[in-house]
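Position chain B with the ligands against the provided structure of chain A, taking the given hints into account.
Number of protein chains: 2
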Amino acid sequence: MNKKKKIFVMGGDGFCGWPTSLHLSQEGHDITIIDNLSRRNIDNELEAASLTPIQPMGTRLATWKELSGQSIGFHNIDIAEEYERLLQVIMEEKPDAIIHFAEQRAAPYSMKSPKNKRYTVNNNINATHNILCAIVESGLDIHLVHLGTMGVYGYGTAGMKIPEGYLDIEVTSESGERIEQQILYPTNPGSIYHMTKSQDQLLFQYYNKNDNVRITDLHQGIVWGTNTKETKLDERLVNRFDYDGDYGTVLNRFLMQAAVGYPITVHGTGGQTRAFIHIQDTVRCIQLAIEHPPKRDERVMIFNQMTETHRVNNLAKLVSELTGGEIAYVDNPRKEAAENDLHVKNDLFLSKGLDPITLEEGLLREVTDIAKKYAHRADHTKIPATSTWTKDQQPGIPTAQEGIK
Amino acid sequence: MNKKKKIFVMGGDGFCGWPTSLHLSQEGHDITIIDNLSRRNIDNELEAASLTPIQPMGTRLATWKELSGQSIGFHNIDIAEEYERLLQVIMEEKPDAIIHFAEQRAAPYSMKSPKNKRYTVNNNINATHNILCAIVESGLDIHLVHLGTMGVYGYGTAGMKIPEGYLDIEVTSESGERIEQQILYPTNPGSIYHMTKSQDQLLFQYYNKNDNVRITDLHQGIVWGTNTKETKLDERLVNRFDYDGDYGTVLNRFLMQAAVGYPITVHGTGGQTRAFIHIQDTVRCIQLAIEHPPKRDERVMIFNQMTETHRVNNLAKLVSELTGGEIAYVDNPRKEAAENDLHVKNDLFLSKGLDPITLEEGLLREVTDIAKKYAHRADHTKIPATSTWTKDQQPGIPTAQEGIK
Ligand SMILES: NC(=O)c1ccc[n+]([C@@H]2O[C@H](COP(=O)([O-])OP(=O)(O)OC[C@H]3O[C@@H](n4cnc5c(N)ncnc54)[C@H](O)[C@@H]3O)[C@@H](O)[C@H]2O)c1
Ligand SMILES: NC(=O)c1ccc[n+]([C@@H]2O[C@H](COP(=O)([O-])OP(=O)(O)OC[C@H]3O[C@@H](n4cnc5c(N)ncnc54)[C@H](O)[C@@H]3O)[C@@H](O)[C@H]2O)c1
Chain A
29 MNKKKKIFVM
39 GGDGFCGWPT
49 SLHLSQEGHD
59 ITIIDNLSRR
69 NIDNELEAAS
79 LTPIQPMGTR
89 LATWKELSGQ
99 SIGFHNIDIA
109 EEYERLLQVI
119 MEEKPDAIIH
129 FAEQRAAPYS
139 MKSPKNKRYT
149 VNNNINATHN
159 ILCAIVESGL
169 DIHLVHLGTM
179 GVYGYGTAGM
189 KIPEGYLDIE
199 VTSESGERIE
209 QQILYPTNPG
219 SIYHMTKSQD
229 QLLFQYYNKN
239 DNVRITDLHQ
249 GIVWGTNTKE
259 TKLDERLVNR
269 FDYDGDYGTV
279 LNRFLMQAAV
289 GYPITVHGTG
299 GQTRAFIHIQ
309 DTVRCIQLAI
319 EHPPKRDERV
329 MIFNQMTETH
339 RVNNLAKLVS
349 ELTGGEIAYV
359 DNPRKEAAEN
369 DLHVKNDLFL
379 SKGLDPITLE
389 EGLLREVTDI
399 AKKYAHRADH
409 TKIPATSTWT
419 KDQQPGIPTA
429 QEGIK
Chain B
29 MNKKKKIFVM
39 GGDGFCGWPT
49 SLHLSQEGHD
59 ITIIDNLSRR
69 NIDNELEAAS
79 LTPIQPMGTR
89 LATWKELSGQ
99 SIGFHNIDIA
109 EEYERLLQVI
119 MEEKPDAIIH
129 FAEQRAAPYS
139 MKSPKNKRYT
149 VNNNINATHN
159 ILCAIVESGL
169 DIHLVHLGTM
179 GVYGYGTAGM
189 KIPEGYLDIE
199 VTSESGERIE
209 QQILYPTNPG
219 SIYHMTKSQD
229 QLLFQYYNKN
239 DNVRITDLHQ
249 GIVWGTNTKE
259 TKLDERLVNR
269 FDYDGDYGTV
279 LNRFLMQAAV
289 GYPITVHGTG
299 GQTRAFIHIQ
309 DTVRCIQLAI
319 EHPPKRDERV
329 MIFNQMTETH
339 RVNNLAKLVS
349 ELTGGEIAYV
359 DNPRKEAAEN
369 DLHVKNDLFL
379 SKGLDPITLE
389 EGLLREVTDI
399 AKKYAHRADH
409 TKIPATSTWT
419 KDQQPGIPTA
429 QEGIK
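Respectively, the protein sequence lines represent chains A and B.
Using our numbering, read the first sequence as starting at 29 and increasing by one per residue.
Using our numbering, read the second sequence as starting at 29 and increasing by one per residue.
To be clear, the hints were calculated from the coordinates, so they are not data collected in a lab.
Careful: at least some of the hints might be erroneous.
What the hints assert, rightly or not - What follows is a set of in silico ranges between Cβ atoms, one per label pair, in the way DEER data are often shown: (1) A/169 - B/143: 20 to 28 Å; (2) A/31 - B/110: 43 to 51 Å; (3) A/373 - B/198: 48 to 56 Å; (4) A/169 - B/366: 25 to 33 Å; (5) B/327 - A/143: 21 to 29 Å; (6) B/110 - A/101: 52 to 60 Å; (7) B/421 - A/119: 17 to 25 Å; (8) B/110 - A/202: 40 to 48 Å; (9) A/401 - B/418: 51 to 59 Å; (10) B/109 - A/169: 47 to 55 Å; (11) B/408 - A/166: 46 to 54 Å.
Beta carbons: idealized from backbone N, C-alpha and C, even for Gly.
Looking at chain A on its own, in the form it has when it is part of the complex (with noise of 0.2 Å):
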């Protein structure tokens, strides 16, 4: 094992969080969990909760440290808010590191009303600023990891490979000379939320220009999958399974669709092409990226964090055959183009050590051990998407003749 770091989690208690804030325990670092439970909250907002029964976080913590012998600190602070309180912990308990997981990160909650836009932009773009304003006035030299999205390329890049956050380019210069030029990748973020993220990438350009902050932005594919070694422990430990219109992700849904006998949802054509990675897969990423923190002048490092891509139609077919479920094609609430190619470069984790779970391997298992097994706390009415991108746009939503039972 590396040396063993104190390394805070901001949102260690969200979905990506909870399984990374364990898995980095178990491997001997000392953990502290930031978090305002806002997700929950979301949860009561929404009337929907995870498929998983996930317990409060004392109890979370409290089964951890009865497996593993190990204690996780926890502290409920809203960051994008409490700043003074954010500044406090960080001088006090002196993190090496810190993971930035603390965003509302639902592309159709950030559109369902101007509310949810205005949310998703304070919360965001104030809890990353919080963060590295912080860092700075601490004076300590902290390693940021932040987890942004494949979603900030855009989905239209048509022949070209999407590489880690820099594009190399050819401009002209006024004496006709071309010029070679490495950029952060333009983004064309596709929601709300997915915005947000581009505008982190310039306040990590920003704090890592004028302060030489250290700083990892992991632009993370959909992450598919419950759990991991660590929450698969005890069920007390279990990891959220969101499969709601608004936080559910493409494959998560597809599976409990099939599993409870309501359509596999398909918006629009389903040619869609998007990017995968398993949970496991995530927080042995985000391992890798503590590891391997860049150095103190460096730029700041980017990384495409997923392992495979597959077009939406796709990916219902193969839950079709795995699980029986039919198909309904439905309009796209959302504002994007009907197909799309995506080709990805990873090399950077792969060089690292990374051997990815595919997609092929793990579907089974989330079916039976996931979908099946909690089927009966599913509420089909919180399945439909019925966010949309524009008023004039209709709701994700089979009709009777697509099957709806």
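This is chain B with the ligands only, laid out in the frame that chain A set:
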């Protein structure tokens, strides 16, 4: 004259917003100012004030009514915080256009402390986002004109003429083919303030793409001069003139320093090249932008709103020649290249009929009509630039040897 329009001026109490409001009112448009007077409150906080004796909003508007017969409306609304009130006035008054000046606009102020950094990010991003969100929620087809800054481009584009917002690039495809594209110019902002303007651009790009909001973004150079045709009509209409270390921009500071016998204080070598525009041309450019809105399905229109570029030490010499003031070179409190070239395209405004006022013809008037006339109002202790970009830098204060009196 063009068709009479209903226009909201957000930040209409400020240095650019006030003369713009008067000019457009003079042109026959129906103007409503929205401003939370935060700039006057920052005067209180910094214990600094405009060199010119600006009047309260009530006096300003009554004077204008008396002289021109035109009424200008006013609402004291914090557009970053009071979304519902903002939406309500938009729904009630149904403006054809909104001109958005309402941001914290001083780079040194934005770098002064963590509190100031956080205020600038929070105020500017939420102000811009709330306006966009309210335009969409209102369902009205409102043209948004925003004041951006030349500072987003960064000052290091050696050999390349800075285009108007968009950059032509070539990239290489997977198969080795060259692909030509036009992208949003990759920004390299030099302060937290400038960084918020880069973030604004992403908001504009997104709302234009998703909701077809018509947007003109004016990348403005440093504004110099004080009065316009309208603000000169009566001393009660006088525009603000900032000379303090935080809000005073370089040329106005030089003029004032010379007028009160303080050394003309150049940061670093003075080799920095900057873009300038006279306040009279600012109001004229904004009028042109209002008269030439982009079409409903057109991308964000970006203009470079500047008329000439100068090296800082050449400006210092110019002011020194006009006034006999002596020059002091001090440490640069900013983090920036010691020297840079700057070649900027501004064809769009020239093509629409802008006939710029040059520094050469206007500078002397500024010395006599403003700097000398109001020199007795200056507080000399507010002249030094005390904000530094990092903790280990020195403020820009001349020492005794450098000629402080
Ligand atoms: N899940 C995915 O498929 C996916 C894909 C790409 C990127 N990401 C990114 O990974 C990160 C984590 O995603 P997730 O799926 O675990 O989301 P999640 O919503 O399950 O977890 C986010 C956690 O952050 C907390 N949080 C939010 N705002 C906070 C604030 N102001 N102060 C304190 N805590 C706050 C929430 O309470 C929640 O526990 C996000 O930034 C997301 O954008 C996720
Ligand atoms: N002055 C320059 O040299 C210059 C150069 C380039 C760009 N700009 C841009 O032009 C715009 C105007 O600049 P200025 O010099 O007139 O600045 P200013 O500070 O004099 O005026 C800004 C006005 O906006 C108001 N305001 C700020 N936040 C607000 C909020 N949340 N709600 C309501 N009102 C708010 C302030 O009270 C003030 O009256 C700014 O966006 C600035 O970035 C200015």
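Hints, verified against the model:
1. A/169 - B/143: 20 to 28 Å: Distance hint for residue 169 of chain A, residue 143 of chain B holds at roughly 23 Å.
2. A/31 - B/110: 43 to 51 Å: Since residue 31 of chain A and residue 110 of chain B have Cβ atoms about 50 Å apart, the given range 43 to 51 Å holds.
3. A/373 - B/198: 48 to 56 Å: Violated, since residue 373 of chain A and residue 198 of chain B (Cβ atoms, about 19 Å apart) do not stay within the stated range.
4. A/169 - B/366: 25 to 33 Å: 27 Å, holds
5. B/327 - A/143: 21 to 29 Å: 28 Å, holds
6. B/110 - A/101: 52 to 60 Å: Violated, at about 38 Å.
7. B/421 - A/119: 17 to 25 Å: At 22 Å between Cβs, range holds.
8. B/110 - A/202: 40 to 48 Å: 47 Å, holds
9. A/401 - B/418: 51 to 59 Å: 54 Å, holds
10. B/109 - A/169: 47 to 55 Å: For residue 169 of chain A against residue 109 of chain B, whose Cβ atoms are near 35 Å apart, the range 47 to 55 Å is violated.
11. B/408 - A/166: 46 to 54 Å: 36 Å, violated
The structure fails hints 3, 6, 10, 11 (numbered hints given earlier, in ascending order).
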